[in-house]
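*Asks:* The primary structure of each chain is shown beneath.
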Amino acid sequence: MSDSNDRKETAASPLQAGTQAPDFTLPAGPDEKLSLSDLRGRPVILVFYPADWSPVCGDELALYNEILPEFERFNAQLLGVSVDGVWCHRAYHKDRNLHFPLLADFEPKGEVARRYGVYRESDGTTERALFVIDADGKIAWSYVSPIDVNPGADGILNALEGLSNKEDSYVNERAGSKGQTQSTGR
Amino acid sequence: MSTSAPGARAKLNRPVDEEDHSSGPENALVTLVEYGDFQCPYCGAAHLILQEVQETMGDRLRFVFRHFPLTQIHPFAEPAAEAAESAGAQGKFWEMHDLLFENQDLLNERNLPAFAEQLGLDTERFARDLQNNTYHERVRQDFSSGVRSDVNGTPAFFINGFRYDGSWELGPLLAALQEAADNNE
Chain A
6 MSDSNDRKET
16 AASPLQAGTQ
26 APDFTLPAGP
36 DEKLSLSDLR
46 GRPVILVFYP
56 ADWSPVCGDE
66 LALYNEILPE
76 FERFNAQLLG
86 VSVDGVWCHR
96 AYHKDRNLHF
106 PLLADFEPKG
116 EVARRYGVYR
126 ESDGTTERAL
136 FVIDADGKIA
146 WSYVSPIDVN
156 PGADGILNAL
166 EGLSNKEDSY
176 VNERAGSKGQ
186 TQSTGR
Chain B
2 MSTSAPGARA
12 KLNRPVDEED
22 HSSGPENALV
32 TLVEYGDFQC
42 PYCGAAHLIL
52 QEVQETMGDR
62 LRFVFRHFPL
72 TQIHPFAEPA
82 AEAAESAGAQ
92 GKFWEMHDLL
102 FENQDLLNER
112 NLPAFAEQLG
122 LDTERFARDL
132 QNNTYHERVR
142 QDFSSGVRSD
152 VNGTPAFFIN
162 GFRYDGSWEL
172 GPLLAALQEA
182 ADNNE
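For the protein sequence lines, the chains are A and B, in the order given.
Quick note: the first sequence uses the numbering used here, first residue 6, plus one each step.
Quick note: the second sequence uses the numbering used here, first residue 2, plus one each step.
For the record, the hints were derived by calculation from the structure and aren't laboratory data.
Here the structure is a predicted model, which means the values were calculated and not measured.
All C-beta atoms, glycine included, are put in the ideal place defined by N, C-alpha and C.
Be a bit skeptical, because a hint or two may be false.
[To be verified] Which residues of chain B face chain A? A few of them, derived with a C-beta cut under 10 Å, are:
#1 V17
#2 T72
#3 A90
#4 K93
#5 F144
#6 G147
#7 V148
#8 S150
#9 D151
#10 T155
[Stated by the list, open to error] Cut-off 30 Å, straight-line C-alpha distance, at most; resulting in silico cross-link-like pairs (BS3-like, lysine-lysine):
#11 K99(A) / K114(A)
#12 K99(A) / K38(A)
#13 K171(A) / K143(A)
#14 K143(A) / K12(B)
#15 K171(A) / K99(A)
#16 K171(A) / K12(B)
For reference, chain A alone in the conformation it holds in the complex (with noise of 0.2 Å):
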């Protein structure tokens, strides 16, 4: 890739894991908004993403709209993040049909995204970037792909996966550590 020098230039350094996630609040339409901390309590998949109307069909996010179930079974949310203000992103998540929120982070313009360590000055977008944060708001893993790369789907089931055996053992060490109450008891 002959232009993987410029992109070391522009890129940003993003938060990774074991960093709390800055929180926000962004319009998700016309007369909406969403906070990060209204979703507490579940992982969530946060997708920046350069710009609406990429020119090919089987794009990052209709790729995870595709995959929105397997997500689902983590109870995990996933959220669209661009520059785009709410009626491009209105009129972008009809024509592809998607199931999930975009978020517009127009004004003031990328200020989520610099938060994540994200934003490309250079173009005025923001990274390809993948986040996805735990029940408690912590980021477990993060991931800036090539620009000119969508990145799949696997990190991100991947982390989910990892958080929620995190989750099991947790519940397994509980229930043991009960057990050993009684035994004590006995």
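Model the placement of chain B on the given structure of chain A, informed by the hints.
*Replies:* What follows is chain B alone, placed relative to chain A:
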């Protein structure tokens, strides 16, 4: 914990096996796997290029097609995939695969049975398969393996087990396949 570290190429999660539809020798130097959608115009364009690629590469190439229907934007992608499977059960997967791509603007409930008839299939059995969604699970298996292989749009290509992110225009694709063949020789 990430398997998709930047720079790492996505890997084919399910190796090619006897369940797959493949064309070309099993021991070919290069295996090209496509995840495709019969109603996707880009897959339709790629189909023509792939025919040339197969002709040029000859026995050095094995081509495998797996289903990746984007049902939310292409209402006939799933029935078309199941139609190809149904034809496959009657020994005519590739014939149906070609016909579907060549007529992808004509995919609808009426034309799928007409394609079956054109290929000389047992049309009653074909109609029953579509009606009962006999091959829905089979198509889902392909789709799931694609999801876990980091398929990132359609068409998606894997060359000898690694996702190919370059252009699938004839020149670059052939060059990549030839390079893979040379590396294996």
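*Asks:* All the hints need checking, so say for each whether the structure fits it.
*Replies:* For each hint, the structure was consulted:
1. V17: violated (18 Å)
2. T72: With a minimum Cβ separation of about 7 Å from chain A (threshold 10 Å), the hint on T72(B) holds.
3. A90: Because about 25 Å separates A90(B) from the closest Cβ in chain A, which is outside the 10 Å limit, the hint is violated.
4. K93: With Cβ-Cβ at 26 Å, over 10 Å, it is violated.
5. F144: holds (8 Å)
6. G147: holds (8 Å)
7. V148: Check passed: Cβ of V148(B) comes within 5 Å of chain A, closer than 10 Å.
8. S150: With a closest approach of 7 Å, the S150(B) hint holds.
9. D151: Since chain A brings a Cβ to about 3 Å from D151(B), closer than 10 Å, the hint holds.
10. T155: holds (4 Å)
11. K99(A) / K114(A): Holds, at roughly 23 Å.
12. K99(A) / K38(A): Cα-Cα ~18 Å, so holds.
13. K171(A) / K143(A): holds (14 Å)
14. K143(A) / K12(B): Distance ~28 Å between K143(A) and K12(B) Cα, so the pair holds.
15. K171(A) / K99(A): violated (37 Å)
16. K171(A) / K12(B): The hint holds at about 26 Å.
The structure fails to meet hints 1, 3, 4 and 15 from the earlier list, while all remaining hints are met.
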